[in-house]
Amino acid sequence: MRKHLPVAVTGLGCLCAAGADLAECMASLFAGKRQPKAPTLFTTGHAVAYPVFEAPLAEPEQAGLLRTSRLALVAAAEALADSGWSPEALRGKRVGVCIGTTIGGTTSDEGFCRALRAGVHPDLAPMKRILGSNPARSLAREFGFTGPSQTIVNACSSGTDAVGIGASWIRAGFCDLVLAGGADELGRVTYNGFTSLMITDESPVKPFDKNRKGLNLGEGAGMLVLESEMLRGRRNKAARGFVLGYGSACDAHHLTAPHPEGLGLKRALAEALQCSGLTPDAIAFVNAHGTGTPDNDRVESRVLSDVLPMVPFLSTKGYTGHTLGAAGAIEAVFTLACLEQRRIPANVGFSEPDPELPATPVREITVVQGAAALSESLAFGGNNAVLALGRGES
Amino acid sequence: MTTKDKLKHILIEELNLEDITAEDIGDEEPLFGEGLGLDSLDAVELVVLVQRHFGIEIKDMEEGRAALQSIATLAAFIDGRRTA
Amino acid sequence: MNLDIAISGIGVVGGFGCGREALARALRAGRTPVGKASFMTPEGPAQLPAYLADTAPLERFVAKRELRRIDHFSRMAMLGGFLALEDAGMLEADRSRLGVVIATGYGASRTTFSFLDSIFDGGDALASPTHFSSSVHNAAAAHSSILLKATGPSLTVSQFEMSVPSALLAACLWLEEERVDAVLFGGVDECGELLHYCWQRFFPTATAETIRPLDFERQSAVAGEGAAFMLLTRSAGAVAPLGRIRQVLQGNAEGGVPALPGDAVLFLGADGHRECGAAYRGLPENALLATYAPLYGSLPVGPAFDLAVAALSCRENQLFPAPSGGSRGIGLQPEALAGRSICCLKFGTDGDFGLIRVEK
Chain A
0 MRKHLPVAVT GLGCLCAAGA DLAECMASLF AGKRQPKAPT LFTTGHAVAY
50 PVFEAPLAEP EQAGLLRTSR LALVAAAEAL ADSGWSPEAL RGKRVGVCIG
100 TTIGGTTSDE GFCRALRAGV HPDLAPMKRI LGSNPARSLA REFGFTGPSQ
150 TIVNACSSGT DAVGIGASWI RAGFCDLVLA GGADELGRVT YNGFTSLMIT
200 DESPVKPFDK NRKGLNLGEG AGMLVLESEM LRGRRNKAAR GFVLGYGSAC
250 DAHHLTAPHP EGLGLKRALA EALQCSGLTP DAIAFVNAHG TGTPDNDRVE
300 SRVLSDVLPM VPFLSTKGYT GHTLGAAGAI EAVFTLACLE QRRIPANVGF
350 SEPDPELPAT PVREITVVQG AAALSESLAF GGNNAVLALG RGES
Chain B
0 MTTKDKLKHI LIEELNLEDI TAEDIGDEEP LFGEGLGLDS LDAVELVVLV
50 QRHFGIEIKD MEEGRAALQS IATLAAFIDG RRTA
Chain C
0 MNLDIAISGI GVVGGFGCGR EALARALRAG RTPVGKASFM TPEGPAQLPA
50 YLADTAPLER FVAKRELRRI DHFSRMAMLG GFLALEDAGM LEADRSRLGV
100 VIATGYGASR TTFSFLDSIF DGGDALASPT HFSSSVHNAA AAHSSILLKA
150 TGPSLTVSQF EMSVPSALLA ACLWLEEERV DAVLFGGVDE CGELLHYCWQ
200 RFFPTATAET IRPLDFERQS AVAGEGAAFM LLTRSAGAVA PLGRIRQVLQ
250 GNAEGGVPAL PGDAVLFLGA DGHRECGAAY RGLPENALLA TYAPLYGSLP
300 VGPAFDLAVA ALSCRENQLF PAPSGGSRGI GLQPEALAGR SICCLKFGTD
350 GDFGLIRVEK
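Protein chains in written order, with numbering that gives the first Met the number 0: chain A, 0 to 393; chain B, 0 to 83; chain C, 0 to 359.
Among these hints, one or two may not hold up.
To be verified - Cβ pair distances, simulated, as ranges: (1) Glu12/B x Arg280/C: 47 to 57 Å; (2) Leu40/A x Arg30/C: 46 to 56 Å; (3) Glu315/C x Arg234/A: 46 to 56 Å; (4) Glu42/C x Asn210/A: 49 to 59 Å; (5) Thr42/A x Ala92/C: 47 to 57 Å; (6) Glu42/C x Glu28/B: 45 to 55 Å; (7) Glu12/B x Arg200/C: 30 to 40 Å.
As the list claims (entries may be wrong) - Computed far set for chain C versus chain A, every beta-carbon distance over 12 Å: (8) Gly18; (9) Ala21; (10) Arg27; (11) Lys35; (12) Gln46; (13) Arg59; (14) Arg64; (15) His71; (16) Glu208; (17) Ala237; (18) Glu284; (19) Asn285.
As the list claims (entries may be wrong) - DSBU-like, lysine-lysine: derived pairs with alpha carbons at most 35 Å apart: (20) Lys209/A x Lys148/C; (21) Lys5/B x Lys58/B; (22) Lys35/C x Lys127/A; (23) Lys58/B x Lys209/A; (24) Lys5/B x Lys63/C; (25) Lys265/A x Lys209/A; (26) Lys236/A x Lys32/A; (27) Lys265/A x Lys2/A; (28) Lys3/B x Lys58/B; (29) Lys148/C x Lys2/A; (30) Lys265/A x Lys212/A; (31) Lys148/C x Lys212/A.
Hint data in this document are derived by calculation from the structure and do not stem from the laboratory.
Keep in mind that this is a model prediction, so the values were computed, not measured.
The C-beta atom is built at its ideal place from N, Cα and C for all residues, glycine as well.
Using the sequences and the hints, build the whole thing.
In structure tokens, the structure reads:
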């Protein structure tokens, strides 16, 4: 395995229940604010209204695009503006788009299928919308980017994988600039799916707490502008942060359950540390996956206490809900913003330690030392992905 | 058909246990792990199957864990709810 | 970036049959018999021609019990994967540093439909968790990793027609960066009721039984399903009988044609879809080109099959006759590869393109 050169991050953008942009999100996180509530985007037939974290999508309805792509567009526009690039100025440059989501192109429009099932010819509009809404393609089209585009569908680690793979495009010289991130919308299909798996909490999510019952779903998008040293050097742009390393590994154990010893997560952590040249004592904090499901949090706590004892960690899902394919990207953005602010928020929802968990998250706003941090994701299919991120130059 | 027999057929049919027959499943045999070899995903599927075929809801996995030990415990749970 | 990635094994399943030999036979014969797919419409049962894949041979590799929760989509992918490993002589090898990269245009669409069905039948409370977890797009990669005990990185890419070149980019970079020792790479897409119904709605006047890929003006696509997998390794100068991947380019040509290597034979991903066909008309008049979609059907991951054909062409050091004939370019007879490289070129909508260059 080769040691990676750091890849500069010159722009950040984020949209989720915690806020309409990154500044608003960080303010909510450090104020300890969260507002999970019963879904308003759709209705369900469940006896219990499992709370969700809906994102404030102020953009007017772009009828031709799925909500996932519209969320992605908002966060991407913020990240690009933050980087100081306009789409016009990037014309002719090799700009790629690498986006994580849970589905890149699906035929699962519920209304369409329900009508068909009932023996009615449904309107084709929803299918056309799906075919025109591939997230990476939608962003490339909107901004006129002509480099590679990739929509990663690695379930809940997609956002983390997209940032790691986007960074490799810069290192390999494929691209001058990469828009990397993740986006996912809330919908009935995923809501019913997670409910059927009996891993949703009917009260606000409690990551790593003794009484955790499961996750709350969320939605949103997180975007990073990754920029080559050549391009950055030409305009003397300070980096807001760095992607230092990326590791990923499959448990090869079970479709929905993590490996009980977290073997895949351990390998992903080892790779992220090794390729970034970091040792555990250089890690300021870990932004954990921390979904609030009994299994996930147990495995993660065990692995963290094993591999990174004494390193403070937290889950930000108490503020955002589990935004699935967007989660890894949103959390990478938060991680970089926390490194910038040299502090991390409290792990909201955690109050009672679980004797089964050897490590517990931070309960209050914590000042952190060190210039590097990790953000980790675990996913269905046994995927584990970890980003090593570094503080910027400002 | 008794609840136990019905359950065995549902198990084979819905969980695609094509390689065994109802006679192969012992009433007391553990459904998970070493016994029948089912796993956590089968457990939540069984919760849905019990509701679909018997109209009986298993609220959460705390309730589920006790009921889903074996065919015998699950049948007792279902029959108990029906007469209650 | 110049790559040097060896194709060490091929595993294919589709309308032409199962395995490398079945594909080679179809190439020699120049045809694949087209089957019929049945589906429901509001007017009653209907049929469309389609290239359908049979996954029964998977039982040679996996016990039936282990397949009980695995749907047709994942079975095609796993069969492709096992065959590629077997072809590479790696069936027994240690797979702790094997990565898995899968490209799919539509994912497990049948299972997605089944999951919705469980909601239509019983309401939200009776949604099936098994169908839900198998409908996630990375289910095929997950099942493959579990049964193969492949504990390296795993990636699923879904980029419609660009899925294969885009995913291949990642597979090659993993090898170049030495993250893994080998990558099981493949494309998979499936047919199903919903696809056929939509097909009929989108192309109501298209009644083609035969794909005419070079007839760019005409909608002649015939739905196909299947999986085309290969085992990729770092070439390191070693002999690569199935060829080496030297370049992967993917992006948007803004209505134009990307720069093409001068002496290359082009394997066009044209598969009878008029909307994508227009882009191929911009190719140079004298380009030497072939299309093989009439052997495997029209499906988003078609370029994975073209890549398999390119690997077979390297292996036999010849170009197979193009089943769609030689209006321009390659004729009806096989001809020697004669040191030329092969470029698999696929156009999507709006100028998207993917290019994979393979050399013997």
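How the hints compare with the structure:
| no. | hint | verdict |
| --- | --- | --- |
| 1 | Glu12/B x Arg280/C: 47 to 57 Å | 53 Å, holds |
| 2 | Leu40/A x Arg30/C: 46 to 56 Å | 50 Å, holds |
| 3 | Glu315/C x Arg234/A: 46 to 56 Å | 52 Å, holds |
| 4 | Glu42/C x Asn210/A: 49 to 59 Å | 55 Å, holds |
| 5 | Thr42/A x Ala92/C: 47 to 57 Å | 52 Å, holds |
| 6 | Glu42/C x Glu28/B: 45 to 55 Å | 49 Å, holds |
| 7 | Glu12/B x Arg200/C: 30 to 40 Å | 34 Å, holds |
| 8 | Gly18 | 25 Å, holds |
| 9 | Ala21 | 28 Å, holds |
| 10 | Arg27 | 34 Å, holds |
| 11 | Lys35 | 20 Å, holds |
| 12 | Gln46 | 17 Å, holds |
| 13 | Arg59 | 21 Å, holds |
| 14 | Arg64 | 15 Å, holds |
| 15 | His71 | 15 Å, holds |
| 16 | Glu208 | 24 Å, holds |
| 17 | Ala237 | 20 Å, holds |
| 18 | Glu284 | 25 Å, holds |
| 19 | Asn285 | 26 Å, holds |
| 20 | Lys209/A x Lys148/C | 33 Å, holds |
| 21 | Lys5/B x Lys58/B | 22 Å, holds |
| 22 | Lys35/C x Lys127/A | 25 Å, holds |
| 23 | Lys58/B x Lys209/A | 20 Å, holds |
| 24 | Lys5/B x Lys63/C | 24 Å, holds |
| 25 | Lys265/A x Lys209/A | 23 Å, holds |
| 26 | Lys236/A x Lys32/A | 33 Å, holds |
| 27 | Lys265/A x Lys2/A | 18 Å, holds |
| 28 | Lys3/B x Lys58/B | 21 Å, holds |
| 29 | Lys148/C x Lys2/A | 26 Å, holds |
| 30 | Lys265/A x Lys212/A | 25 Å, holds |
| 31 | Lys148/C x Lys212/A | 31 Å, holds |
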